[in-house]
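As you go down the protein sequences, you meet chains A and B in turn.
Residue numbering for the first sequence follows the numbering used here, starting at 1 and increasing by one per position.
Residue numbering for the second sequence follows the numbering used here, starting at 1001 and increasing by one per position.
By construction, these hints were calculated from the structure, which means they are not laboratory data.
Heads up, some of the hints might be wrong.
[Said to hold, decoys possible] Far from chain B by the CB rule (all over 10 angstroms, computed), these chain A residues:
id, residue
1, V4
2, T12
3, S14
4, T26
5, E42
6, H74
7, N97
8, G104
[What the hints assert, rightly or not] The calculated label-pair distances, taken between Cβ atoms and stated as ranges, are:
id, chain 1, residue 1, chain 2, residue 2, range
9, B, T1054, A, T5, 25 to 35 angstroms
10, A, Q45, B, N1028, 13 to 23 angstroms
11, B, P1083, A, E16, 24 to 34 angstroms
12, B, S1067, A, S83, 34 to 44 angstroms
13, A, A17, B, Q1022, 34 to 44 angstroms
14, B, T1020, A, G41, 41 to 51 angstroms
15, B, V1114, A, Q81, 12 to 22 angstroms
16, A, N59, B, E1079, 32 to 42 angstroms
All residues carry an ideal CB built from backbone N, CA and C; glycine is no exception.
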Amino acid sequence: GNSVTQMEGPVTLSEEAFLTINCTYTATGYPSLFWYVQYPGEGLQLLLKATKADDKGSNKGFEATYRKETTSFHLEKGSVQVSDSAVYFCALSGGYNKLIFGAGTRLAVHP
Amino acid sequence: NAGVTQTPKFQVLKTGQSMTLQCAQDMNHNSMYWYRQDPGMGLRLIYYSASEGTTDKGEVPNGYNVSRLNKREFSLRLESAAPSQTSVYFCASSRGAGDILEAFFGQGTRLTVV
Chain A
1 GNSVTQMEGP VTLSEEAFLT INCTYTATGY PSLFWYVQYP GEGLQLLLKA TKADDKGSNK
61 GFEATYRKET TSFHLEKGSV QVSDSAVYFC ALSGGYNKLI FGAGTRLAVH P
Chain B
1001 NAGVTQTPKF QVLKTGQSMT LQCAQDMNHN SMYWYRQDPG MGLRLIYYSA SEGTTDKGEV
1061 PNGYNVSRLN KREFSLRLES AAPSQTSVYF CASSRGAGDI LEAFFGQGTR LTVV
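For reference, chain A alone in the conformation it holds in the complex:
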């Protein structure tokens, strides 16, 4: 079946460090891929998405490229800020109107 695997956290970085959060997936067909972010005490919100192979999603300095050959959608940011501290979820569209989420990766950025 469809599934998403993310690197375990927490990830702890200093401000302005480079961020990578790994995400790989298993799916039949050609799903759309997503990164959602959850700030403390809030619900999830869409960070970026990619709907086909080789697409790059980007938003707020974050990027992820849909790699069909490696079934990956790694999240990157060149210079993190304290305000980026949150939990990040990788997800795929798992069939008609359904999202399948990874376990989430907590990011903590300190000054």
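Start from chain A and add chain B according to the hints.
Relative to the frame of chain A, chain B by itself:
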């Protein structure tokens, strides 16, 4: 813009009690969802409603029932709460055009069953 509104935000139940979690969206979305979030397990789909008048089981439906009251509202009911249902519950909605492109989430309900 209200988006997706869930009530209540917090709830403590005793084992065996029942309760209904309410969810409403004002974006004219066709599809609505209930997820639970547990540490280390991400979000798991409980039930979803692809369109008004339809509901389907997700990954973890046991112990829950849902009602799609109208296009705006989708409620989740626990008939006899158990400690295993202690979790954070999120309602979400999407436009629902046959392929989910973006889901909008409520702020969550933190439920504790003692």
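> B:V1114 and A:Q81, beta-carbon distance inside 12 to 22 angstroms?
Replying inline: violated, 39 angstroms
> Range hint 32 to 42 angstroms: satisfied by the CB atoms of A:N59 and B:E1079?
Replying inline: holds, 41 angstroms
> Just checking, A:T12 versus chain B, shortest CB gap more than 10 angstroms?
Replying inline: For A:T12, whose nearest Cβ neighbour in chain B is about 18 angstroms away, the distance exceeds 10 angstroms, so it holds.
> Is the distance from the Cβ of A:Q45 to the Cβ of B:N1028 consistent with 13 to 23 angstroms?
Replying inline: holds, 19 angstroms
> In terms of Cβ atoms, is chain B entirely out of 10 angstroms range of A:V4?
Replying inline: violated, 8 angstroms
> Against chain B, does A:G104 keep a CB gap of more than 10 angstroms to every residue?
Replying inline: A:G104 is in fact no farther than 10 angstroms from some Cβ atom of chain B, at 5 angstroms.
>> Taking the Cβ atom of B:S1067 and the Cβ atom of A:S83, is their distance within the range 34 to 44 angstroms?
In response: Holds, since B:S1067 and A:S83 (Cβ atoms, about 39 angstroms apart) stay within the stated range.
> When you look at the beta carbon of A:S14, is every beta carbon of chain B farther off than 10 angstroms?
Replying inline: holds, 26 angstroms
>> Given the hint of 41 to 51 angstroms, is the C-beta distance from B:T1020 to A:G41 inside that range or not?
In response: violated, 23 angstroms
>> Taking 25 to 35 angstroms as the stated bounds, is the beta-carbon spacing between B:T1054 and A:T5 within them?
In response: This hint holds: roughly 31 angstroms between Cβ atoms.
>> Please check whether the beta-carbon of A:H74 is more than 10 angstroms away from every beta-carbon in chain B.
In response: holds, 17 angstroms
> Honestly, do A:A17 and B:Q1022 meet the 34 to 44 angstroms range at C-beta?
Replying inline: holds, 42 angstroms
Violated hints for the displayed structure, listed by number in ascending order: 1, 5, 7, 8, 11, 14 and 15.
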